[in-house]
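Student: So the chains spell out like this:
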Amino acid sequence: MNTKRVVFTSASTFLIIIGAYLSIQIGLVPIVLTNFFIILIGIVFGWRVALLSILTYIILGATGLPVFSNGKGGLAHILGLTGGFLLGFIPLAFFSGLAKGKSIILRVLLPVIGSIILYFIGVPWAMFVYNNIIAPGGNKPLWDLATTLKYTTIPFLIPDLVKVVIAVAISKILEPVVDNFVNN
Amino acid sequence: MAEINIFNYIPGKSRLHKLHPSIKIILMLIISGLTLYGDIYFTIYYFILSIIATKFCKIKIGKVQIKYLIFIFVSMSVFQYFFSQGVDYSIKIVTIILYGNIFTSTTKPSDITPGLYILIRNRRISENLSLTIRLIPMFLLGWSEINDTLNSRGLFVQKNPFRKIYYITIPLLVETIKRADNISAAMDSRNYNGWTNEEIKYREIYLSIIIIVLLPCLLLIKKL
Numbered sequence: 015m016n017t018k019r020v021v022f023t024s025a026s027t028f029l030i031i032i033g034a035y036l037s038i039q040i041g042l043v044p045i046v047l048t049n050f051f052i053i054l055i056g057i058v059f060g061w062r063v064a065l066l067s068i069l070t071y072i073i074l075g076a077t078g079l080p081v082f083s084n085g086k087g088g089l090a091h092i093l094g095l096t097g098g099f100l101l102g103f104i105p106l107a108f109f110s111g112l113a114k115g116k117s118i119i120l121r122v123l124l125p126v127i128g129s130i131i132l133y134f135i136g137v138p139w140a141m142f143v144y145n146n147i148i149a150p151g152g153n154k155p156l157w158d159l160a161t162t163l164k165y166t167t168i169p170f171l172i173p174d175l176v177k178v179v180i181a182v183a184i185s186k187i188l189e190p191v192v193d194n195f196v197n198n
Numbered sequence: 723m724a725e726i727n728i729f730n731y732i733p734g735k736s737r738l739h740k741l742h743p744s745i746k747i748i749l750m751l752i753i754s755g756l757t758l759y760g761d762i763y764f765t766i767y768y769f770i771l772s773i774i775a776t777k778f779c780k781i782k783i784g785k786v787q788i789k790y791l792i793f794i795f796v797s798m799s800v801f802q803y804f805f806s807q808g809v810d811y812s813i814k815i816v817t818i819i820l821y822g823n824i825f826t827s828t829t830k831p832s833d834i835t836p837g838l839y840i841l842i843r844n845r846r847i848s849e850n851l852s853l854t855i856r857l858i859p860m861f862l863l864g865w866s867e868i869n870d871t872l873n874s875r876g877l878f879v880q881k882n883p884f885r886k887i888y889y890i891t892i893p894l895l896v897e898t899i900k901r902a903d904n905i906s907a908a909m910d911s912r913n914y915n916g917w918t919n920e921e922i923k924y925r926e927i928y929l930s931i932i933i934i935v936l937l938p939c940l941l942l943i944k945k946l
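Those protein sequence lines, which keep their order, are chains A and B. Take the first sequence: its position 91, counted from the start at 1, is 105 in our numbering, and no numbers get skipped. Take the second sequence: its position 179, counted from the start at 1, is 901 in our numbering, and no numbers get skipped.
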């Protein structure tokens, strides 16, 4: 790995960190740009850089630096309610990284598959943590699948799709510029 | 924003500066876990400890940062007052930010790589991690410039969120890539070749610091 690739990897980690702080309020749910940047980095730089930067991001957060959304950080946050979504970023980064240099259909399809895997990891995790750690109730669990989907998935589905489309559009502009920087 | 020197390394000769980076990372993991998941006693103990450590290592927290921390504390307390555990939660967040600041200002970026390598045995991740910690302030400068420019043009008054995304992300991407290109050229010209394993040999292990940090774990044993 030459120096440029190393620096671009840390630059993409920085972009992911900034993405967690850039929240835009649309309606009730704030939209965070973390997964937008992950998809964009994957498509532009490839899966190696995307995986490296997302792993670095998670380890940075685990050591306690406030890099997650709203200035949170720490191992407890990864083991907490939204921890599954943080770990789900790893397959998202990998799948969107596979789309580098592919046709426009695959560029949209692969991040969507990654996002679906993200929700497959995140939703059961959130259900488990809420029912067993945050609010351990008696026999009946407080959050069933429908409630968990209502709070963690359904409000984010359409924004996520919009983010994929915008990321693919921006990657078309950005890719030649980045290739120019990396290869020279 | 331009005055930000949070998460920068500040040279010094305190015990925390000399402590082995691997132990520092493990202690950070334990502290962050106990602060967020533990009782109010853990939170208060670690909050006081963080203030003492900040004084002890002579880390200067500028007026801007104190204003920022007070703003986070007050806004979260007011916001969460109507819910349960309002003040508790805000102290937790402020404590974690303070520990992040202590960690980055007492550990050399070049020490983090070998320190982390001992724990996770992956050279690329540890190299990237230390480089990211080193470069975050530089990239943040670019971000603050963009923020000021957009503020002066009145972008944040606009209500269309898509336009905001467009005007924020494109300059951010271009600026970051340009800076990364400049930095990599500078590093190449200075013969950067990863990291060396030599510096970490002279780090010391202080049992006193480890005991002070792990002291509240006695409470956990008592509970069991």
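Do not rely on the hints blindly, as some may be mistaken.
As the list claims (entries may be wrong) - Under the rule of at most 35 Å between Cα atoms (straight-line distance), these lysine-lysine pairs were calculated in the DSBU-like manner:
no., chain 1, residue 1, chain 2, residue 2
1, B, Lys780, B, Lys740
2, A, Lys18, B, Lys900
3, A, Lys86, B, Lys945
4, B, Lys735, A, Lys86
5, B, Lys900, B, Lys944
6, A, Lys164, B, Lys735
7, B, Lys886, A, Lys86
Unchecked claim - Under 8 Å between C-beta atoms, here's a sample of chain B residues computed to sit facing chain A:
no., residue
8, Leu741
9, Ile745
10, Leu853
11, Tyr889
12, Pro893
13, Glu897
14, Leu942
These are calculated hints, taken from the structure and not from any lab test. Idealized CB from N, CA, C, for every residue including glycine.
Student: Min Cβ distance, B:Ile745 to chain A: is it shorter than 8 Å?
Tutor: B:Ile745 check fails; min Cβ-Cβ to chain A is 12 Å, beyond 8 Å.
Student: Holds or violated: B:Lys780 with B:Lys740, Cα cutoff 35 Å?
Tutor: Holds, at roughly 14 Å.
Student: Next pair to validate is A:Lys86 with B:Lys945; report whether the Cα-Cα distance is within 35 Å.
Tutor: This hinted pair holds, its Cα atoms lying about 27 Å apart.
Student: The hint names B:Leu853 as touching chain A; please verify it with the least Cβ-Cβ distance against 8 Å.
Tutor: holds (4 Å)
Student: Compare the distance between the alpha carbons of A:Lys164 and B:Lys735 with 35 Å, and conclude whether the hinted pair is satisfied.
Tutor: Between A:Lys164 and B:Lys735 the Cα gap is close to 53 Å, so the pair fails against 35 Å, i.e. violated.
Student: Given B:Leu942 was flagged as interface, is its beta-carbon under 8 Å from a beta-carbon of chain A?
Tutor: violated (14 Å)
Student: Within a Cα-Cα threshold of 35 Å, do B:Lys886 and A:Lys86 meet the stated pairing?
Tutor: holds (24 Å)
Student: What's the verdict on B:Lys900 and B:Lys944, does the C-alpha distance respect the 35 Å limit or exceed it?
Tutor: Judged against 35 Å, a Cα distance of about 55 Å means the pair is violated.
Student: Take a quick look at whether B:Lys735 and A:Lys86 sit within 35 Å of each other, Cα to Cα.
Tutor: It holds: about 30 Å lies between the C-alpha atoms, which stays within 35 Å.
Student: Should the interface hint for B:Glu897 be scored as holding, given a Cβ-Cβ cut-off of 8 Å against chain A?
Tutor: violated (10 Å)
Student: May I ask you to test the interface hint for B:Tyr889 with respect to chain A, counting a Cβ-Cβ separation under 8 Å as satisfied?
Tutor: With Cβ-Cβ at 12 Å, over 8 Å, it is violated.
Student: Does the nearest C-beta of chain A fall within a distance shorter than 8 Å of the C-beta of B:Leu741?
Tutor: violated (14 Å)
Of the numbered hints given earlier, the model fails hints 5, 6, 8, 9, 11, 12, 13, 14; all others are met.
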